[in-house]
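Chains as they are written, first to last, in the numbering used here: chain D, 284 to 775; chain C, 255 to 384.
There may be inaccurate statements among the hints.
Pairwise CB distance ranges, derived in the manner of DEER restraints [as the list claims (entries may be wrong)]:
(1) G258/C - W347/D: 31 to 41 angstroms
(2) E316/C - L394/D: 51 to 61 angstroms
(3) E359/C - Y720/D: 26 to 36 angstroms
Heads up, simulated DSSO-like pairs for lysine-lysine below, C-alpha to C-alpha not over 27 angstroms straight-line [claimed, not checked]:
(4) K391/D - K307/D
(5) K391/D - K352/C
(6) K732/D - K722/D
(7) K389/D - K284/C
(8) K352/C - K385/D
Don't read these hints as lab results, they were simulated from the structure.
Heads up, the beta-carbon is just placed ideally off N, CA and C, and yes, glycines get one too.
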Amino acid sequence: MISHLPILQVIVPLMAAPICLLLKRSQLVWLFSLFASAIAFIISVLLLQQVMTSGVISYELGGWEAPWGIEYRIDKLNAFLLLIISAISTVVLIAAQTSIEKEIPKEKHTLFYILYLLSLTGMLGIVSTGDAFNVFVFLEISSLSAYALIALGQDRRALWASYQYLIMGTIGATFILIGIGLMYQMTGTLNMQDLSQRLPEVAQTRTVFTAFAFVIVGVCLKLALFPLHLWLPNAYAYAPSIVTAFFAATATKVAIYLLIRFTFTIFGLSFSFTTLPLQGLFLVLGLTGIFVASSAAIYQKNVKHVFAYSSIAQVGYIIVGLSTSTITGLTATLLHLFNHALMKSAIFLALGAVVYRLGNVQLSSFNGLGRQMPLTMAAIVIGGLSLIGVPLTVGFISKWYLLTALLEKGWWPVAILILLGSLLAVIYVWRIVEAAYFKKPLAGSAPVKEAPLFFLVPIWLLITANIYFGIDTRLSLQVASAAAQSLFGVSP
Amino acid sequence: MIIGLFNDWVVVVLMMSGLYIVIAHGNLIKKLVGLAIFQTSVFILYISMANVEGGSAPILAEGIKQFSNPLPHVLILTAIVVGVATTALGLALVVRIKEAYGSIEEEDIQHLDNQTQDETEIQATEGDQS
Chain D
284 MISHLPILQV IVPLMAAPIC LLLKRSQLVW LFSLFASAIA FIISVLLLQQ
334 VMTSGVISYE LGGWEAPWGI EYRIDKLNAF LLLIISAIST VVLIAAQTSI
384 EKEIPKEKHT LFYILYLLSL TGMLGIVSTG DAFNVFVFLE ISSLSAYALI
434 ALGQDRRALW ASYQYLIMGT IGATFILIGI GLMYQMTGTL NMQDLSQRLP
484 EVAQTRTVFT AFAFVIVGVC LKLALFPLHL WLPNAYAYAP SIVTAFFAAT
534 ATKVAIYLLI RFTFTIFGLS FSFTTLPLQG LFLVLGLTGI FVASSAAIYQ
584 KNVKHVFAYS SIAQVGYIIV GLSTSTITGL TATLLHLFNH ALMKSAIFLA
634 LGAVVYRLGN VQLSSFNGLG RQMPLTMAAI VIGGLSLIGV PLTVGFISKW
684 YLLTALLEKG WWPVAILILL GSLLAVIYVW RIVEAAYFKK PLAGSAPVKE
734 APLFFLVPIW LLITANIYFG IDTRLSLQVA SAAAQSLFGV SP
Chain C
255 MIIGLFNDWV VVVLMMSGLY IVIAHGNLIK KLVGLAIFQT SVFILYISMA
305 NVEGGSAPIL AEGIKQFSNP LPHVLILTAI VVGVATTALG LALVVRIKEA
355 YGSIEEEDIQ HLDNQTQDET EIQATEGDQS
C-alpha cells in the first residue's frame with residue numbers, strides 16, 4: 284500500500300470522478316468529492332513525510348523499468364506542490380455545496396464535481412509524473428476540465444472567457460508538445476531524469492534551443508506571465524466562485540512548477556540561465572508584470588478582477604525570484620507559491636461568500652459591508668494585508684526572502700522596485716477597505732447577513748493558516764529550502 | 255535539401271498557417287479550424303521523426319529487420335484524442351456563445367461585452383447618487 288502512494292495520489296480523484304455519476308444526489312456527491320479530496324490530501328502528507336525522511340521516491344508504472352516505462356518520481360519539490368494542491372482543493376470543497384447552490388443550476392451539480400475532481404487529477408498528475416509526455420496528457424486533462432468549469436459561470440461573459448482560455452491554453456499546450464517532440468528527436472527519451480543526462484551532450488544544437496524556446500513559451504502562457512496573461516482576468520472573474528478560489532491558488536502554481544522542473548532539472552541550470560538569456564528575460568518580464576498588473580488592478584470595478592490582476596502581479600514576484608537563480612531566490616519562489624496559494628484561496632472564497640449574499644462583487648456593492656458581514660470582510664482585509672506583505676502574515680515571509688535573495692545578488696534597484704510594487708498593492712486593497720468600512724450602505728438596499736457557516740469555516744481555516752505560517756515558518760521554510768537545495772544539487 | 259526535409263517544410267507551413275488563422279480571424283469557428291490545423295502539424299512532426307529510412311511497419315514477424323519507431327505513433331494517438339476533445343469542447347462553447355450572444359464574430363461579442371460593462375457601471379453610479 285505505502286509503496287503505491289505515488290500512483291494512488293493521482294488515481295483516487297480520477298476514479299472518484301466517474302463514481303460521482305452514480306451517486307446522483309447533489310449532497311451525496313459533494314460529501315464523496317470532499318472525501319476523495321481529503322484522501323488525496325492525506326496521501327500527499329504521507330508522501331511529503333516519506334520524502335523528507337528517506338529521499339526521492341521512484342515508482343514504476345505497471346512495473347515497466349524507468350527510462351522505457353512511465354516513472355512517477357516524487358522528490359521534495361513535487362511533494363511540496365502535491366501538498367499545496369490537495370490541501371487547497373479539500374478546504375475549498377468544504378464551501379462548494381453552499382456556493383454552487385446559488386451559482387449553478389441544480390442539474391449541473393454532479394457534473395461540476397466530476398469536472399472539479401478531473402481537474403484536480405490533472406494537476407496532481409502533472410506534478411507527480413516523471414515523464415515529459417505524461418505531463419502533456421495531464422496538462423490537457425486539467426485544462427479541458429478547467430475550460431468547462433469556467434463556462435459554468437452565471438454570466439454569459441464566462442463563455443467568452445472560457446473560449447479565449449481554450450484557444451490560449453491549447454496553443455500553450457501544443458507548444459509544450461512541440462518542445463517535448465524536439466527533445467525526443469534529439470535524445471530518444473521522454474523520462475525527465477534520462478533527458479537531463481542526455482541533453483547536455485546535444486545542448487549546443489539549434490534543435491535543443493528551439494525545443495527550449497517552445498517549452499518555455501508554452502509554460503509561460505499557462506502560468507500567465509506578462510505579456511501572456513490576457514486569458515486570466517476574465518476567466519477568474521466570471522467563473523463560479525469556487526472554481527476561482529481553487530484555480531487562483533493552484534492552476535498557475537502547477538505551471539510554475541513545470542517551469543522550474545524544465546529549467547532546473549531537465550535543461551539544467553547552466554543551460555537555462557547562462558547559455559540562454561533567461562535570467563534577464565525573466566527579470567524584465569517579472570518586474571513589468573508586477574507594475575502593469577498592479578496598476579491595472581487599481582482601476583478595476585469588479586473586485587474579482589482586482590484580485591485576478593493581483594494574481595498576475597504575484598506571478599511576477601515569483602518569476603523575479605526565479606530569475607536570481609540562487610538557492611535563496613528559489614526558496615523565496617517556492618515559499619511564495621505556498622503563501623500565495625493560501626492568501627488567494629482565502630480571498631476568493633470570501634468573495635464567493637459575498638456573491639452568495641449579494642449576487643455580485645462590484646466595488647460599489649461593498650459599501651458598508653464591513654458592518655454587515657464583519658467576519659467575511661475581516662478575512663478579505665487580512666488576506667489583503669498578506670498580499671501587501673505586512674509582518675505577521677505569510678506575505679511578509681516570502682517578500683522578506685525575495686528581498687534577501689535580491690540583495691545577496693547585489694540587485695538593490697530591483698529590490699526597491701519590488702517594494703514600490705507592494706505599495707501599489709496597498710492602493711488596490713485600500714479601495715476595498717474604504718468601501719467596506721468607511722462608506723455607508725446604499726440607500727434602500729436590503730440588509731445583508733453574515734455568510735453561512737460552510738463559508739466561514741474554510742475561509743477562516745485559510746486565514747488562520749495565513750497568520751500561522753507567517754509566524755511559525757518552520758514547515759514551509761524547511762520544505763521550500765530543502766527542495767531548492769536539492770534542485771541545485773546541494774544535499775541538505 | 256528541400257526534398258530531404260519535405261515533411262519538415264510541410265510541418266512548418268501548416269503550423270504557421272494554423273497559428274495565423276487563430277490570430278487573424280474573428281470568426282470563432284474559423285479560429286477552431288486554425289487551431290485544429292496547428293495541432294495536426296504537430297502530429298506530422300512526430301510521425302515523420304519516427305520514420306526510419308527503408309524501415310517497414312513495426313510488426314514482430316520474420317523477415318522484418320528494420321522498422322519505424324512505434325513510440326511516436328502511440329504518443330500521437332493520445333495527442334489526437336486530446337485534439338478531438340479540445341475541438342469538441344470548443345465547438346460546444348461556440349454553440350453556447352451563439353445562444354447567449356446571438357453571434358459568433360469576435361468583434362460583435364467584444365462590443366456586446368463592453369455595453370454590458372457600461373450598463374452595470376451606470377447602474378452602480380445611479381445607486382450611489384440615490
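Hints, verified against the model:
no., hint, in the structure
1, G258/C - W347/D: 31 to 41 angstroms, "holds (35 angstroms)"
2, E316/C - L394/D: 51 to 61 angstroms, "holds (52 angstroms)"
3, E359/C - Y720/D: 26 to 36 angstroms, "violated (44 angstroms)"
4, K391/D - K307/D, "holds (10 angstroms)"
5, K391/D - K352/C, "holds (20 angstroms)"
6, K732/D - K722/D, "holds (18 angstroms)"
7, K389/D - K284/C, "violated (34 angstroms)"
8, K352/C - K385/D, "holds (25 angstroms)"
Going through the hint list in order, the structure does not satisfy hints 3, 7.
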